[in-house]
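Quick mapping for you: the protein sequence lines, in order, are chains A, B, C and D. For the first sequence, the UniProt record's numbering assigns the number 1 to the initial residue and increments by one for each residue that follows. For the second sequence, the UniProt record's numbering assigns the number 1 to the initial residue and increments by one for each residue that follows. For the third sequence, the UniProt record's numbering assigns the number 1 to the initial residue and increments by one for each residue that follows. For the fourth sequence, the UniProt record's numbering assigns the number 1 to the initial residue and increments by one for each residue that follows.
Incorrect hints may appear among the rest.
[Unchecked claim] Pair by pair, the computed Cβ-Cβ distance ranges are:
| id | chain 1 | residue 1 | chain 2 | residue 2 | range |
| --- | --- | --- | --- | --- | --- |
| 1 | D | E204 | C | K26 | 55 to 63 Å |
| 2 | B | G203 | A | K107 | 37 to 45 Å |
| 3 | B | D61 | A | T142 | 41 to 49 Å |
| 4 | B | Q56 | D | K38 | 50 to 58 Å |
Derived by calculation from the structure, the hints in this document are not laboratory data. All values reported here derive from a predicted model rather than from experimental measurement. From the three backbone atoms N, C-alpha and C, an ideal C-beta is built for every residue, glycine too.
Number of protein chains: 4
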Amino acid sequence: MTVRFGLLGAGRIGKVHAKAVSSNSKAKLIAVADAFEKAASDLAGQYGCAVRSIEQILAADDIDAVVICTPTDTHAELIEQFARAGKAVFCEKPIDLDVERVKACLKVVDAEAATLMVGFNRRFDPHFQAVHDVIAKGEIGTVEMVTIVSRDPGAPPVDYIKRSGGIFRDMTIHDFDMARYLLGEEIESVTAQASVLVDKAIGEAGDFDSASVMLQTATGKHATISNSRRATYGYDQRIEVHGSKGAVSAENQRPVSIEVANASGYTRPPLHDFFMTRYLDAYAHEISAFIDFVESKSPASPSGIDGLIALALADAAVKSVKEGRTVKVSEVTGVMADRSIFQGR
Amino acid sequence: MTVRFGLLGAGRIGKVHAKAVSSNSKAKLIAVADAFEKAASDLAGQYGCAVRSIEQILAADDIDAVVICTPTDTHAELIEQFARAGKAVFCEKPIDLDVERVKACLKVVDAEAATLMVGFNRRFDPHFQAVHDVIAKGEIGTVEMVTIVSRDPGAPPVDYIKRSGGIFRDMTIHDFDMARYLLGEEIESVTAQASVLVDKAIGEAGDFDSASVMLQTATGKHATISNSRRATYGYDQRIEVHGSKGAVSAENQRPVSIEVANASGYTRPPLHDFFMTRYLDAYAHEISAFIDFVESKSPASPSGIDGLIALALADAAVKSVKEGRTVKVSEVTGVMADRSIFQGR
Amino acid sequence: MTVRFGLLGAGRIGKVHAKAVSSNSKAKLIAVADAFEKAASDLAGQYGCAVRSIEQILAADDIDAVVICTPTDTHAELIEQFARAGKAVFCEKPIDLDVERVKACLKVVDAEAATLMVGFNRRFDPHFQAVHDVIAKGEIGTVEMVTIVSRDPGAPPVDYIKRSGGIFRDMTIHDFDMARYLLGEEIESVTAQASVLVDKAIGEAGDFDSASVMLQTATGKHATISNSRRATYGYDQRIEVHGSKGAVSAENQRPVSIEVANASGYTRPPLHDFFMTRYLDAYAHEISAFIDFVESKSPASPSGIDGLIALALADAAVKSVKEGRTVKVSEVTGVMADRSIFQGR
Amino acid sequence: MTVRFGLLGAGRIGKVHAKAVSSNSKAKLIAVADAFEKAASDLAGQYGCAVRSIEQILAADDIDAVVICTPTDTHAELIEQFARAGKAVFCEKPIDLDVERVKACLKVVDAEAATLMVGFNRRFDPHFQAVHDVIAKGEIGTVEMVTIVSRDPGAPPVDYIKRSGGIFRDMTIHDFDMARYLLGEEIESVTAQASVLVDKAIGEAGDFDSASVMLQTATGKHATISNSRRATYGYDQRIEVHGSKGAVSAENQRPVSIEVANASGYTRPPLHDFFMTRYLDAYAHEISAFIDFVESKSPASPSGIDGLIALALADAAVKSVKEGRTVKVSEVTGVMADRSIFQGR
């Protein structure tokens, strides 16, 4: 079977997914849509597919699944439309910046028994997946403390910041999902501190560029997250898990693994310059997993619920910074209680 | 000039200092005192020095300086006695578990214009010192985020825990000092979370064995600390500093640097098994620095104030865990305000 | 422009090239030929191309270039046929096991002004290429000593050994080419020692499984090569270049970059298990370079001459082991003198 | 028991041994002798020992053992004198530059049943010793290939070169001993190539500054050695052993283990700047081992025979370069045959 794809959005992340879909022998990219005609036609030219409007893709008989890479404020509406149209949906995170809107959207997905997968690409990185495997095999015993360092190479433009929902919903959201994935149990409380150290304009826009977060589960497991919007040395992406019998870690990746030695010392090249190259394999594996879910009609993972919970953790972090205290996830939203209403799709 | 030493306490850490003093060409170990006669005479035999009572050392003409390695609850009293007797004092951390008692003690030290150095040995580790040097030279720009991982190889007996003042005052206190040392400015707020994951008996004794801490300075700089009482892989001691122009880190140390490769992979030996070997060089450099302060009659560093502030940070962490909120250091104690009353000795 | 490919040989290395050709947006795999019908049809099915005989590919109008992955003893004949048919030729190493036969073949290639590229894939590995770039930029000054470690994960069957031409022509040949590539000047003398340590049957077949080689250039530069047919820890592929101003090295690659720590130490996974995964990127870049040569009609590199010289170095190594002495490359063959007769194609 | 030492020679290596002896709790440095009065008195002042003539040390009742650090051409004569005087002798390598002279000297040692230990300090490096232990425990199976990289930070003055006996007898001699130590069996043949790449003056003095060596044992095991007189990145000292079940390696050591990251990459400091710091621990362990041999009156290791064989390997390397061929150790000297005449002392 070949899964026939429509791509919604031909921007930076849309290009990444177009490549992943096109390289997959079980997938075929049929059409691409974008508000900017030229962006769509350029991508269509590169991969030999059609340019269509979103409405045409919605109505198309020759499309089984869509990848949603449009602006965040359109995600929930599009998920609902395509779920109702019987298409499988892969949506970039976040579903929406508002928890209630996400919940409403997931109810539609649930009612339609639609396949929805949310783009937490890092779960599909082979190195992080190997870390998860080591944990799953019991090699480090019971997980006790997860440490995540996640730093961008450089701060985005303030215009981006303003539409982003803030550092916790835009950037840390990936780390919240990774923490859940590695802890293996739900997070109960969030404590965060944040400040503006990189770019004053970010502060003036009401956001932060440097953040530290502590998470705790009901059984007392910890996770800590360290975020910065600027690391001169590249895209810093490390995870480390300490358990009762040992620890496992995934080091940073580099485009080339050489070392130059001279009188100044031994120098290895900087890290990858951003997610498009750092997570190249992860994006390919992610689409591959989505195709498997579509083919097998089994619930996708990470699911809409995973997207919802990560967002709720971000909301709790925002509240924690504002109020200077530890925030229970249950305070922020009834998400955990609501969880049972969803069938895990 | 040779500095003539008396050693108070011949236990585990006393032995470490006896070795450091004896190996230093500018020092001479004259006498050792210990409540357990045999501990004192064994150490005296090994290093060819006398066994004396604390009173005899206090009264001795042939002793310039003492190293206090007795139980914590005797530290403040001994510091005061030896300061009054005109001896230079090196005291193992902490000065006392009670901030007010520490302040009273430091007033005596100040009044006597005595030399007092507190045993934050990690500042003298050559690797951590090299990290500090890199920062001082401006190589990483402005410091923004300090990350400290500090894990013991195994939990101590519950009897030790009961007398320890709790994980923050006993273990994290070193990390609080290191955070201040690397941040280069005072910490304004402390947020901590802690749990019992290693040994239930530690929880029954009212303490924790796993802790995460976030610190913030007035200018918004962050530090995070991750502590566990048990790491199967050895004594885990790492620091990492992220700044505006780059980052610097000090990796873990191993007794031997080999790697064995076979079908299971590439294996390096575990870390040092505890502080006595991991910080062997640090203890030697620490005593050497103390001797320099004694000889030059300049204020010692880390000073009594450094000991006081680290303790106040520990108190703030305790309060933070209890109340589930960020605690300002100013809440806990008037330490920062009081600081000016001390002359930095 | 799209370069239309025929693939000759659908075995292990044929599959690797089929994938590289198919993934390249400037290439199209038109047909595959193999003496075993099923091998050809399986591969054709996987990549959606035709099955044809070699004769059909030779006569085809819709094929611009061929990749020769057939058994070694057919290479020279096929190169000549396809060169005469006006097709661009990419041929797996070696062109032939006999230097004189290679020279005769290259004369045909030269007479036809055909494009011929020889499959020294390692030159296209991004890490080794980065090493070459560092040298080219002068970062380590003048190259003085090249060190190559190249070990296979496990010894091949004795049947393979018997047809292989021996360890120097089959395995070390890659390292001879790499040494030339990194030294940046021709090798003047070869000294080798070899023994049977892995598998007695290899010795009984008249070959060796463990070899050490020293090379020297006219200006006195050194290269050393260490080969073994069996490394339990994986496919060991390292290069290191020492120069007047510094050194540069490329470490081994692993499928995943994680580390597991426990009481036994810190363990990283084994290396790649062989060239198909270790050099995946190299094969893709290699075909990409070939396409560029075909499109630009410029001389290919590595060329037939590069293939010839590497074979001559292997012959010199064989002679060195046999005679227990350093062998000048000029002794073995008139290759260097003949070099001028070839136009570098 | 305390072993009472006389030190002959207060130069660079003499100072290293003075420190090692003085720091050892089972040793006492009684006297130092040097042709330059001031060198002797400076060292004596530093360690609180006497200045004496060699004759006085020879006649002294209060000296049990001597450390010979005088110029090479005096070693054999001094060993004989002190052996006859009943003192235990530790002598820096080499015993003499002439194999026959060494053999004559060892006969005297043997006749006197004297304790003689030769200064192959690297055997006592904790990292290299750990490599040896891994082999001894069978963790890598049967040893097959030893790889040694040994490069000095900078070329010595030509005056030193002229008296040195040449690169193989002066520098590679340590690597010959290490190869034997790790191979665990005697070397049968030596093949070497050498050139002048660092300093023409070294070539004009009849020596080389860059050398590669291949060794082979009777059972076909290999060792390769790579030497250069100049490595801008520090004192490069690495060993690696490949065996039937795995491999073990010892990486380079650095004074500090930090890493600085910025836009140019990740930089670790250069290596140790020379043997005095790189092998600090090794020198201490070496003297400690010597003291144990003296106390237990057991044969010392590395012995005079070890010194003799390493020299014979160097002679074979010289011959190999001159004649452009593999040289059997048996050609160079009757050392192996003679071996039985020595009682291993």
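Quiz item: Broken hints, numbered, in rising order?
Solution: 3 and 4
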